[in-house]
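Novice: Residue-level listing of the chains:
There are 2 protein chains.
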Amino acid sequence: MQEEKLILVTNDDSVSAKGIHALVEVAKKFGKVVVVAPDKPQSGMGHAITINHPLRLNKIDLFGEVESYACSGTPVDCVKLAIFEVLHRKPDLILSGVNHGENSSTNVLYSGTMSAAIEGAMEGISSIGFSLADYDADADFSATKHYASIIIQKIFNVDFPKNICLNVNVPKLNLDEIKGIKICKQAHAFWADRFDKRIDQFGRTYFWLTGEFSDVDKRPDTDLHALKNGYVSIVPTLYDLTAYQEIDNFKNWNL
Amino acid sequence: MQEEKLILVTNDDSVSAKGIHALVEVAKKFGKVVVVAPDKPQSGMGHAITINHPLRLNKIDLFGEVESYACSGTPVDCVKLAIFEVLHRKPDLILSGVNHGENSSTNVLYSGTMSAAIEGAMEGISSIGFSLADYDADADFSATKHYASIIIQKIFNVDFPKNICLNVNVPKLNLDEIKGIKICKQAHAFWADRFDKRIDQFGRTYFWLTGEFSDVDKRPDTDLHALKNGYVSIVPTLYDLTAYQEIDNFKNWNL
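Going line by line, the protein sequences match chains P and G.
Just so we're aligned, residue 1 is where the first sequence starts under this note's numbering, counting upward by one.
Just so we're aligned, residue 1001 is where the second sequence starts under this note's numbering, counting upward by one.
Hints listed in this document are in silico derivations from the structure and should not be mistaken for laboratory results.
Careful: at least some of the hints might be erroneous.
Stated by the list, open to error - No farther apart than 27 Å at their CA atoms in a straight line, the calculated lysine-lysine pairs in the DSSO-like style are these: (1) Lys40/P / Lys1154/G; (2) Lys218/P / Lys251/P; (3) Lys1251/G / Lys1028/G; (4) Lys251/P / Lys1197/G; (5) Lys1040/G / Lys1182/G; (6) Lys29/P / Lys59/P; (7) Lys1090/G / Lys1028/G; (8) Lys1059/G / Lys1040/G; (9) Lys162/P / Lys18/P; (10) Lys1018/G / Lys197/P; (11) Lys1197/G / Lys179/P; (12) Lys1059/G / Lys1145/G; (13) Lys1145/G / Lys154/P; (14) Lys145/P / Lys197/P; (15) Lys1145/G / Lys1179/G; (16) Lys1197/G / Lys1251/G; (17) Lys154/P / Lys197/P; (18) Lys162/P / Lys1145/G; (19) Lys1154/G / Lys29/P; (20) Lys1251/G / Lys172/P; (21) Lys5/P / Lys1251/G; (22) Lys251/P / Lys1018/G; (23) Lys179/P / Lys40/P; (24) Lys1172/G / Lys251/P; (25) Lys197/P / Lys1040/G; (26) Lys1154/G / Lys251/P; (27) Lys145/P / Lys1162/G; (28) Lys179/P / Lys145/P; (29) Lys1059/G / Lys1032/G; (30) Lys182/P / Lys197/P; (31) Lys218/P / Lys1040/G; (32) Lys251/P / Lys1251/G; (33) Lys1179/G / Lys251/P; (34) Lys182/P / Lys28/P; (35) Lys1059/G / Lys251/P; (36) Lys59/P / Lys1018/G; (37) Lys1145/G / Lys1197/G; (38) Lys251/P / Lys1040/G; (39) Lys1228/G / Lys40/P; (40) Lys179/P / Lys18/P.
Predicted, not measured: the structure shown is a model, and the values here were computed from it.
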């Protein structure tokens, strides 16, 4: 008899976000689900961990019969706490998201959703981050749920490679408008940052990050290109940041 | 006449840390230095950015004649604010650190020091993160200063590759005990996490991250191996997390 799979679900938009509830609905079809997710929005937290103050973990009742906890920390804190203090073992799968908003291209570095998946890969656990290209709190996750099911089904039937996780992005389209799935490279595209600079009620200056995303990568096989053309993008994503192709070059510097 | 180089210095241990003062001393030999660094410790913040509330930037007088600012945000916020609101142009070099404590191996993902350098690489700026394997607030940075000088000197005399930055770690040794510099790969080594679980004065449970670092990577050319053997390690470090070698494998999944 096959043992039931244990699936951890987390995100960075908090336990209240519609996206994590959509993901839990899908996950339940594949095994026993436990939710450990932030108690407040943690977007843009990247791979941050909480080291200078303690964390809280509160049992909540927001996911029906699914055991679930709200954590005061970051998405990476949630993964660590889930493994070591909630599950007391490594789950068979970590699902992070569904994020309200795209995490394609270099956004992977800022994304708490993806950092939770990367932390899972570092623990040797099959891990997937899901994001929908729609920031709306009431976004329609039905197409994402369809594709999440397909991808999770596949994962349990293949050998998932070590040392990587998956970055899945879904375009803001109806299910029948999506053309399929493309395996992609992370686009080299960047935010053209700008700060909204204002004076507060006490006469002091403050700055608030804003800007436009600028796609300068003309390669046809990037995640951004796939999304723009109506495909779900999957980027196999590393935690090893070594620029292997540059090592010989630097050795020639004779430092 | 060669134009004076503009060098941005930041860190994650805050403007008060001894390490950033050591790095500014070195940087001053190579050009005009401007400091924009966190106003409080931001260790473990990874690539976090502040999007849900505004940032403050205060001119300070902690670095003698060097123009310097304390920022209420993360190290990545500091780099963004420095470029767009302080310098109003890209500097010729970004130096981050010197961190009090090692940022070798997978610590690069958690490290605010290294995320500042990675953000610099994303802006197309030559960027280096420096860390000393000594957490002491009063650590001896003299060997680090020696090697930082050598590396910065080299950078201004070669074509620095696009899309990468450097992760430099210095062992806790006297200068005459250090054997030289090794160009390395990021070790695949991980924290064996543990949480210190206690009950607070109100009877509620809290968790505090702790653990031991466990080196399971037996390759002889990793940063951890170099440091253990008395070398300064340099890992050329990417912001492109694509697992290129896995793309064909995933295409064969026929999703």
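Novice: Does the structure break any of the earlier hints, and which numbers would those be?
Specialist: 1, 2, 3, 4, 5, 9, 10, 11, 13, 14, 16, 17, 18, 19, 22, 23, 27, 30, 31, 32, 35, 36, 37, 38, 39
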